[in-house]
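**Q** We have chain Z; now place chain S onto it with these hints.
Heads up: the sequence lines are chains Z and S, in that order.
In case it helps, the working numbering puts the first sequence at residues 1015 to 1217.
In case it helps, the working numbering puts the second sequence at residues 75 to 301.
Since the hints were made in silico from the structure, they are not lab data.
Treat each hint with caution, since some may be false.
Simulated crosslink set (EDC-like; lysine to aspartate or glutamate; CA at most 20 angstroms straight-line) [claimed, not checked]:
(1) S:Lys-295 / Z:Glu-1130
(2) S:Lys-295 / S:Glu-251
(3) S:Lys-295 / S:Glu-188
(4) S:Lys-169 / Z:Glu-1191
(5) S:Lys-169 / Z:Glu-1045
(6) S:Lys-169 / Z:Glu-1069
(7) Z:Lys-1081 / Z:Asp-1068
(8) S:Lys-205 / S:Glu-188
(9) Z:Lys-1094 / Z:Glu-1061
(10) Z:Lys-1094 / S:Glu-294
(11) S:Lys-169 / Z:Glu-1188
(12) S:Lys-295 / Z:Glu-1091
(13) S:Lys-169 / Z:Asp-1102
(14) S:Lys-169 / Z:Asp-1171
(15) S:Lys-169 / Z:Glu-1091
(16) S:Lys-169 / S:Glu-137
(17) S:Lys-205 / S:Asp-152
(18) Z:Lys-1160 / Z:Asp-1180
(19) S:Lys-295 / Z:Asp-1122
(20) S:Lys-169 / Z:Glu-1130
(21) Z:Lys-1160 / Z:Asp-1102
(22) Z:Lys-1081 / Z:Asp-1102
(23) S:Lys-142 / S:Glu-197
(24) S:Lys-169 / Z:Glu-1061
(25) Z:Lys-1160 / Z:Glu-1145
(26) Z:Lys-1160 / Z:Glu-1191
(27) Z:Lys-1081 / Z:Asp-1171
(28) Z:Lys-1094 / S:Glu-137
(29) S:Lys-142 / Z:Glu-1188
(30) Z:Lys-1081 / Z:Glu-1061
(31) S:Lys-169 / Z:Asp-1122
(32) S:Lys-142 / Z:Glu-1115
(33) S:Lys-142 / Z:Asp-1122
(34) S:Lys-142 / Z:Asp-1181
(35) S:Lys-169 / Z:Glu-1088
(36) Z:Lys-1081 / Z:Glu-1115
(37) S:Lys-295 / Z:Glu-1061
Quick look at which bits of chain S chain Z covers, simulated, 3 or more residues with Cβ under 8 angstroms [claimed, not checked]:
(38) 138-147
(39) 202-212
Using N, Cα and C, we set each Cβ at its ideal position, and we do this for glycine too.
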Amino acid sequence: MRLFLAITLLVLLTCSPLVAAEIEPLFQRLEAAATNVRTVTSAFTQEKRLAIFDEVLTSSGRFAFAKPDQLRWELLEPVKAGFVLSGDRGRRWHGRAGTSESFDIRTDPMMRIVAEQLLAWARADFGWLRERYQLEVLGENPATLKLMPRTGGGFLDHLRIIFAADDTHVQQVEMHEQDGDATILRFSDATINQPLPDATFRN
Amino acid sequence: MTMTKTVLVGLCLGLILCGCRSAGPFPAPTLSATHPLAMSEVLGGSWALDSSTIRMRHTVLLELGWRKLPMVGLLELDRTARTIRLVAVNDLGIKLFDLTVTVDGYQTNYLFPELATYAGLGETVAASVRKIFLDPLPRDDDRLTITADQYQTRRSLGDAELTFTFGGERPDLLGKELRGGAQGWVVRYHDYRDLPAGRLPGGVVLEDHTAGYRLTLWLEKANLIDG
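For reference, chain Z alone in the conformation it holds in the complex (with noise of 0.2 angstroms):
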């Protein structure tokens, strides 16, 4: 009996994801990464499968970010719509429906759930996301990342994130949620640290 404890024990650590000792070094790495980043520019593709449909609403983009607090996030195709943030405030945009407005995430919850998780993530800012978030490695190379609600009740089931091989800007995220939607963007042809004019982040 205590022979098959053992094995079933030692075939579990095997298996699992990475030990709490084994994932420190990991977030120490990709926070020394992101430490050096000031601005990332990236195309992005966006989709949303809806289980209830069995479809997927496919969009595409351009994503902008400067630090501390700066965001572009930039529909083009198949309709142009879009958000800047500088701090608190910004602006969004829909082509279609020729509407501009200006919003503040302090009283703008929808805006601030997605600011928050974009700089989260731009920035690696893992002890935001540890106080929301259970973390668990998936893989170590690229880094890739599985994060669960510390707090039920909500939509989303759980996170999957992807890392570049440089460790500098996530490539995917991938969001979960409890009635099987999910949500799946990739980020490409990212640029590192390449001076961006003031006008990014207006619009």
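**A** For chain S alone, coordinates are given in the frame of chain Z:
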């Protein structure tokens, strides 16, 4: 001077009339001379009375007072069971709501928690898509009036009157309107396209004067699910 005044008055009248028939962001429908059609011929080709199930993807703009809420809507219209399943997401992929709408009710399958603060949002959306796609529909026993370029069918609903307007060569359903009584709303259907899923309006505008909102739909994609 008199000539100038006449031209100005004419221009003003023209602008006012154009404003009354505003198509929103869509081109005004192309009307043609009518023919002495029977009611069944007017209603015969309408997408609204077909029996197949179609799935449509729209870009949607909901205008509630000064608030403008753009979204992407996926809608499955079962014209036999007369039900609609509607899922809306925003441009960032966040699911806003998931509703099942019937002729006389609706069920909220999901509502993004932060949207729960907008009281009546689900009901407003359900009532809107019901009016646009599901109910009311024109009937054989409506009263038919044929003008030079339009076919209109009418029936009384209590102290209000419901009017359906058809026009163009097919003819196509161009509008629904309820006037009088406690309610007042109008739906305009624009930019008809022949698609594998059938002949469908590429643009729809609903204005609910009583509730004070406007819903604009741009059709992006349509698939036939059965049949």
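**Q** Need the list of violated hint numbers for this structure, in ascending order.
**A** 1, 2, 3, 5, 7, 8, 13, 19, 21, 27, 29, 30, 34, 36 and 39
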